[in-house]
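Colleague: Single-letter residue listing:
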Amino acid sequence: MIAPGLAFLGDFGEAIKFIFQERESVSGGVQIGGIPELAGFTATHMYVSLAALAIAAVLAIPLALWLGHLGRGDFIATATSNVGRAVPSLALLAFFISFVGLGYTNVIAVLVLLAIPPLITNTYVGVRQVDRDTVDAARGQGLTGMEIVRKIELPLALPSIFAGMRTSAVNVVATATIAPLANVQTLGEPIITPQTYGFVGQLGASILVAVITLLVDFLFARLQRAVTPEGVKLARPAKARRRFSFPTKRSPKQA
Amino acid sequence: MIGLPIAQLQIQKPGGADDCVSSNGFCPEWIAENIDRYWTPLLEHVYLTVAPVAIGFAISLALAIMAHRRRWLTGPVIAISGIFFAIPSVAAFFLLQPLTGLGYTTAMVALVSYTLLIIFRNITDGLRNVPAETRDAALGQGLTERQVLYRVEFPMAVPEIMAGLRIATSTTVGLAALAVFAGAGGLGAEILVDKRFKSNVVVAGGLAVLLAAAFDLMILGAQRAMTPWRRSRA
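Residue numbers (this note's numbering), protein chains in the order written: chain A, 1 to 255; chain B, 1 to 234.
Warning: the hint list may mix true and false statements.
Calculated from the model, a selection of chain B residues having no Cβ within reach of chain A, i.e. all distances over 10 angstroms [unchecked claim]:
(1) S23
(2) I35
(3) H68
(4) I83
(5) L95
(6) P98
(7) A138
(8) M156
(9) A176
(10) L192
(11) G206
(12) D216
(13) R224
(14) R230
Among chain B residues calculated to face chain A with C-beta under 7 angstroms, some are [what the hints assert, rightly or not]:
(15) A32
(16) R37
(17) A86
(18) R196
(19) K198
(20) L207
(21) A208
(22) A212
(23) A214
Covered stretches of chain A (in silico footprint by chain B; criterion: 3 or more residues with CB under 8 angstroms from a CB of chain B, positions within the stretch not fixed) [as the list claims (entries may be wrong)]:
(24) 44–57
(25) 177–190
No wet-lab data here; the hints were simulated from the structure. If you're wondering where the values come from, they're calculated on a predicted model, not measured in any experiment. Beta carbons: idealized from backbone N, C-alpha and C, even for Gly.
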């Protein structure tokens, strides 16, 4: 017997049952829920998210490393992050649906656009935060520009780059939830089609989305720690960290 | 509890009287005729942005003042608000519904929780970045700890606090577009009324972007007005 005040626990119980057990759809006729179906949604969800994150990383990180190395790009770094924050993910997806079309390519394109700004800003800031004395010392030892980027600036910027990856990954996984609006069946499918899945399906899918996003967040936090060079862990360069302060250092949230 | 139906209603005029609309073009004429339908969602969106940021600011400010005296509070506050922050808003809007039902309350609780991390961190960072010499000078002039906080540390932290408000506000404008999943309306609801109709998407999405830009400029203006001593330098 559940006390009336705790009736909401029943909703969550049903939602968890939906994740593990098949049942008949709200409108009847079709079997919904259960591990096989939700595993399929999860696979699609992770596929579009990973593809988008990988493409965004390949596009954004080298560009921002290069701009950071030259020291030219304060404007680009701030502008991309400001524009990135101002465009709602739902609006961007709807722009693509109405002007370009539905399907995987368009969903991945939207997610790539959402993932790029934090990567550019964090990579750029990461490179600019490298102590100028360190770079000068490297140059004095005869390292070329390319070598300075590869051996000095990139390793020292890695923690910041991975902070950007973490923000982008969380945003992308969260936004992939609305991908079913463009006919890509991610975990948002039960959320977007309540006529089939009902509130229990919506709640069950939401639980999964929340758990997966928290796992991704945790995973990238661990990765960030793992890529931090030992020397940096030993001596946090407090003064260098404060030198460049963009309004975007707080990870923006998009979905 | 009944799920929210995301119906695909047609708002284009049937019959194809208008070529541009029936061929789903971008139609300035249709927009001019139908602009009225966007005012209510826009107002809802303003409300869905201003209220959560205001409430979130009040809570964050209280927490930051507490954490200023008791430093050990900072870690737990950031950890807990960080977990809220990572939960996708669409999921949060449904996870809250068994407790708070469909509508504004659900949207508000989720949106407020997202502002906490951003604003709290910026306030505490702003207060902490006040140079120790400045604090010492104020204490040396006989100000109490309390007076130092309100007359010296807060004014000096204004730029960082306002930066936090700017990020929180533009973030909330974007997330409020998803409040349609909490049944709270806003411009997101208007986008979903017909997400394939270009003119509709451009107006509803465009208004959201303009709203974010307008709030950003307003807060920036307020910051300039509040810190006249910085203007001469810039």
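Colleague: Checked against the structure, which of the hints given earlier come out wrong?
Modeller: 4, 5, 6, 9, 10, 11, 12, 15, 16, 20, 23 and 24
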